[in-house]
Structures are given as C-alpha cells and as structure tokens.
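Letter by letter, the chains look like this.
Number of protein chains: 2
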Amino acid sequence: MKEFQLIEHFFNSRAQSRRDVELGIGDDCALVQPAANKSIAISCDTLVENVHFYPDIPPQALGYKSLAVNLSDLASMGAEPAWMTLALTLPDVDEDWLKAFSTGLFDAAEYYGVSLIGGDTTRGPRSISITINGQVPTGTALTRAGAKNGDWLYVTGTLGDSALGLDVIRGKRQVDTEYNEYLINRHYYPSPRVLAGQALRHLASSAIDLSDGLASDIKHVLKQSGVGAVIDVDLLPRSPALTDSLSETEAFSYALSGGEDYELLFTVSEAQKGALETAMAHTGVAFTQIGQVTSGNELRLIRNGERFNLTNIGFEHFS
Amino acid sequence: MKEFQLIEHFFNSRAQSRRDVELGIGDDCALVQPAANKSIAISCDTLVENVHFYPDIPPQALGYKSLAVNLSDLASMGAEPAWMTLALTLPDVDEDWLKAFSTGLFDAAEYYGVSLIGGDTTRGPRSISITINGQVPTGTALTRAGAKNGDWLYVTGTLGDSALGLDVIRGKRQVDTEYNEYLINRHYYPSPRVLAGQALRHLASSAIDLSDGLASDIKHVLKQSGVGAVIDVDLLPRSPALTDSLSETEAFSYALSGGEDYELLFTVSEAQKGALETAMAHTGVAFTQIGQVTSGNELRLIRNGERFNLTNIGFEHFS
Chain A
231 MKEFQLIEHF FNSRAQSRRD VELGIGDDCA LVQPAANKSI AISCDTLVEN VHFYPDIPPQ
291 ALGYKSLAVN LSDLASMGAE PAWMTLALTL PDVDEDWLKA FSTGLFDAAE YYGVSLIGGD
351 TTRGPRSISI TINGQVPTGT ALTRAGAKNG DWLYVTGTLG DSALGLDVIR GKRQVDTEYN
411 EYLINRHYYP SPRVLAGQAL RHLASSAIDL SDGLASDIKH VLKQSGVGAV IDVDLLPRSP
471 ALTDSLSETE AFSYALSGGE DYELLFTVSE AQKGALETAM AHTGVAFTQI GQVTSGNELR
531 LIRNGERFNL TNIGFEHFS
Chain B
231 MKEFQLIEHF FNSRAQSRRD VELGIGDDCA LVQPAANKSI AISCDTLVEN VHFYPDIPPQ
291 ALGYKSLAVN LSDLASMGAE PAWMTLALTL PDVDEDWLKA FSTGLFDAAE YYGVSLIGGD
351 TTRGPRSISI TINGQVPTGT ALTRAGAKNG DWLYVTGTLG DSALGLDVIR GKRQVDTEYN
411 EYLINRHYYP SPRVLAGQAL RHLASSAIDL SDGLASDIKH VLKQSGVGAV IDVDLLPRSP
471 ALTDSLSETE AFSYALSGGE DYELLFTVSE AQKGALETAM AHTGVAFTQI GQVTSGNELR
531 LIRNGERFNL TNIGFEHFS
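Here the protein sequences come in this chain order: A and B. Basically our numbering = 1-based index in the first sequence + 230. Basically our numbering = 1-based index in the second sequence + 230.
I should point out that these hints are in silico values taken from the structure, not numbers from a laboratory.
With a straight-line Cα cutoff of 25 Å, these simulated SDA-like cross-link-like pairs (lysine to any residue) come out:
#1 A:Lys449 / A:Ile532
#2 B:Lys449 / A:Arg353
#3 A:Lys449 / B:Gly254
If you want the ones that stay clear, here's a sample from chain A, every Cβ over 10 Å from chain B, calculated:
#4 Arg244
#5 Arg249
#6 Pro285
#7 Asn527
In this text, a Cβ means the ideal position worked out from N, Cα and C, and glycines have one as well.
Sequences are here, hints too, so could you generate the full structure?
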C-alpha cells in the first residue's frame, strides 16, 4: 500500500488535465470528450529493458523517450497529441527512479500537451508501454500510402545522430568533446516533429517517422504507396557532429541506416512545393529534399549521378 | 522477419474492422471516428506472468481473459466497447501458443464488438497489456462516486466462484466432479457485464467492477462517494458449486474476498428500484440486493441483524 501510494504520488499528482478530460485517473476508466469533426489517432509502443534500452539509461531520459517515440507516431499522421495511458512494469519500487522517470515523462507530456489519463503499474521485468491518443481533422491524416511518381522526398532535421550517440554512450566510438553532449541528447531526448507533422496536412502525399533508419523505414512508404524512390546520398542532412566525427562513407551509413532519429520522412508533389516552404517556415523545423519518388518499386541510392553501393561501405553495421 | 509475419498472421488477419475504424493496423497510428455526443472511456490493464497468471494457464484462456478484464472496466462505466490496442511481450514465438492466444482474444473481441486497431509485439518476459476504448453518451457514465445514504447495494451474478476455481486449478481444493468445469471456467473465462453496465446508465448512482474482491473493491465506492455501507452476508449470491463445496463460513469468505469475479457492484436509489428491475430483465443478467448505503464511512457486515466478524472465519485467507 505504501508502494502504491508512492507510485500514485509521482504519476497522479502531475497528471494535469486538459479541458477535454472529463474524468482522469482514479476510476475504472478515464472519460475524454473528443472534438467534433476529428478522428482519433491511436498508437501503442512498448520499450523493454535489454531489448529497447540498456539498464544504465538515465530514468529521466527513459521517461521522456517513452513518450517521445509515441508522439513521433502521432506526428507522422499529422495528429495533435491529446491523451495517454501508461502501463509500467517495474522489478522494484525505487523512489529515486520513479521521481526521475516521471520527471522526464511529464516534461514531454507538458511540452506537447498530453494528459496522462490512466495506467497500470505491475511488478515484473522493467518495461514501459504507452498508448497515445491524438486528434486530426477527419480526412486530413497523413499515411504511408499516397506517394506518387514524381513527388519530392524530404526529411526533417538531420540523420544518424541518434545512432552515433548510442555508440558514444556504449563506448564504441569516441568523438570530439564538444559533440558528446549533443549526440547523447539526440539519442536520449529525440524531438518528435509534432508541429511539422500538423503543418504537412493537406501538403504531404505520404509521411512516416524514422525509427528503424531511413533505408528501412522508406520501404514501408514505397510498399504501401506502390512506388519506388531515388535518394541522392549527398543530399542527406548530416550534422557537423556526424560529419566531423566520421569518415564520409561512415556518415552516409549512419544517416541511411542508423535508427531512432524520430525525424519525419515525407513526400510532396511538385505543385505543393511552394506551399510547403511557407507552412514549414512557421514550425521552425529544418527540412531537406533528399530525392524523388519514381515508378516501379525499387529504392535506388545515387551519388554524382551514379548508383551508390551501400554494401561496399559497411551497411551491415547495424543489421 | 518470419516471426514477425507469423504474429501478423494471427493478429492482423482477424482484426476485423468496425465501420468507425477509418484505418486499422499497418500505419504509424490507427484512425477511428468517434460518435457524436459520446465520451470515450479508456482503460488499461496489464497481465504479467507469475504475477497475474501462472505459466500453465491455457493460452486461449489467457487471450480471452486479457480482454475480458478490460471489458469489465468499460462495463462498470456503462460504456460500449469499441477499439483496443494490444502490447504483447513474449519470450519466444511459438505458433501453437499464438494460435490459441489469438483465438481466445478474438472470441471475446468478436462477441463484444471490439476492433483490434494497433499494437506492439516485443521479446521479453511474457506480459499482455491492453488499452481498451469504449463510448458512452456524454454525461451518462457510471463512476465510483455518487452512492448516497439510503441507496440499495447490488451485485450481478454470483461471488467467489473464480477464487474457488483458481484453488481447484492449483490443486488446493477438491470439489465434486460436476462442479469442476464450471468453477475453472469462471476463473478462466469471466463474463464482463457489458450489457448490464449499459442498462444501468441513468439508473445506478455508482458502479465498480469486482476484481480484487467485494470487501476490498467496495471501499473505493465508499471512499469516493463519501458514504458507508452495510452488507447482510446471508444475501451474498453464492452458486451451488460454491455452497456445496465449502462450509458456510468458507463460502462467505470466498464471496466476500475472493478476487477476479468481474461482476458489477452498483448502487440504486429507492426511487429507481422499479426501473432497475425492468432494465435488467432485458439483459438476462441476474442481480441481487446485498445491503444498503449508509452515512459515515464504515463498511459493516451483518448476519441475522448482528455484526458479522470476518476475522473469525479466516478472512486473511486471501491477503
């Protein structure tokens, strides 16, 4: 009972209610009031210790990231975050851990306007499962299907930083001291592109968030849209931290296949390019055109107009 | 990849869509269209192996029960089931297990009209976390608060069967052969009182589902309603299987404190008693008046007009 109260203290007390939450934590269900003419976007992601994160991850980062990866799913649909439930399994009740984890979780929740409306805490091997609910005007959600031959291919932010950050954390890579914190933060505290996703409604023909790595995730878009794509690897946005720390071919490899960037990959028709610039400018999120949608069903990488062969530069690094 | 396809085969293929599911499994989020003038009821329950279930539970029962316990939360609010997400963590991918588990899950889903709209399967110690969404006309949801001094106290079905069923399964109790299957099924395949919950809207002043046992769960109602209650233990509905297998005092103990019955406990004012009979008759669910709400904040048990002392009859059995 004391343990239960401890958990309640850290979670229920900071579970601030949005105005559309009629009944929050504390009954058999929560009650929320959906907005008129909006669809609800729902996604569920589980993080399991030793599978999705190492036991030494700072609990604050784990709390933040558990929500951020779910918010990234909403972002890729163009949905506005609303409510979440949290299923938390813990091997023990550790006050310091709970305090740090909940701080990270609520930092993200408050920044992105999400109310924690329910959950379940159980004893067992550490895992975090969040189901997120967002809202999107009916008929405007972005999906993986819809990319058309000739559409332009874009990504937000820079690619590969998170994977390099993980290698730094695990001691597999050493980088210049000035880049250490940046890279580690890109791994622990990704920025779900929630505003960018909303700005892309009515503009993008398809969208997906990058969790497994560009070269892997784009295949879902190609398959579900029934198209191919060409990417010019020289156009891939790479941070100074990435390019200064790695050889050119290594940097390509991280940018193409490093996971957990949580940037958006999206396609825009030629006719919408101008509107895209205007809409994205308001979000302050950088975005880069990296290639084009083609007919067929193949992903081609090119450099200087020639086919770029990934297998020669250690693409298997992450597999 | 082969494993992933196997999981997809068992879950995605049977995830039949309701008409209000705009986009089901297969993108970053699902999209659903909430009904006008309804609130969404959301609840989340996690079952962890060796905490909530034994490793020898038949996987079909586990699949059914994982959803049933969530449906019971919707029932207690008077909400109509709609959509669910499933976070499944498994130590290995076992085709027979997946087939049986998904059969049990979808048997319940199809019976109660729930669409599986998303989920996440991860490798790790076995656990099942379901977030369920239901709909209820705004302003009509039943909660734990609202019981008033003088209201009558009711439960659906019979109490204690599930706990006795578990004792039979674990070899702690032997019962007459004719009751074996009934009791085991009451433990493995509880009946969430979804229709009864909906019938109680506008009628009950409070409701809760019985997961931890009557004597424990009623305290949530008393606390959140700011009332006390008196229960006449002779009125507690007990099945022939329970009364024939146990001494009278043991049967009281199971009925009062055996968990996992997933029946509803609810309160109804004197003025609504007649309407209650009519409304419940349509659902075919048996219900029994077991006591009355009082002022104060105490739970009193009585028998033959005298105080009934639980501690003398082995109430600690389940603690």
